[in-house]
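The task is simple: from the sequences and hints, build the whole structure.
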Amino acid sequence: MRKNKTSLEKKPFLLVILDGWGFSKNQKGNAAAQASVPCYNRLWAKYPHTVLAAAGLAVGLPKWQIGNSEAGHMNIGAGR
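Per this note's numbering, residue 1 is the first one in the sequence shown, and the count goes up by one each step.
Note that these hints are calculated values from the structure, not bench results. Be aware that one or more of the hints could be misleading.
[Claimed, not checked] The list that follows gives simulated cross-link-like pairs (lysine-lysine, DSS-like), each with its CA atoms no further than 25 angstroms apart: (1) K25 / K63; (2) K25 / K46; (3) K11 / K46; (4) K10 / K46.
[Unchecked claim] The following label-pair restraints were derived from C-beta to C-beta distances: (5) C39 / L8: 26 to 32 angstroms; (6) Q65 / A31: 20 to 26 angstroms; (7) A78 / N26: 27 to 33 angstroms; (8) P62 / Y40: 29 to 35 angstroms.
Backbone N, C-alpha and C fix where the C-beta goes; we use that ideal spot for every residue, glycine too.
Right, dumping it as structure tokens:
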């Protein structure tokens, strides 16, 4: 019997968390966007990825408050 390939098929999976690495399309004042990061750029172009909200209400902080390691790690650990 032939197996159907589905998205539920077990495959290697890598979760990479870039702690302290913000995402913005704005180049001005954005060290990550201005830096030479060929490995990061290659991974971003080749593999599926996502950007998470990591500040304010998204991580249980007041609306105006920037994110921090403690809030981020607590949410990752909680599966949020």
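- [ ] Sort out which numbered hints this structure fails and list those numbers smallest first.
- [x] As far as the earlier hints go, not one is violated by this structure.
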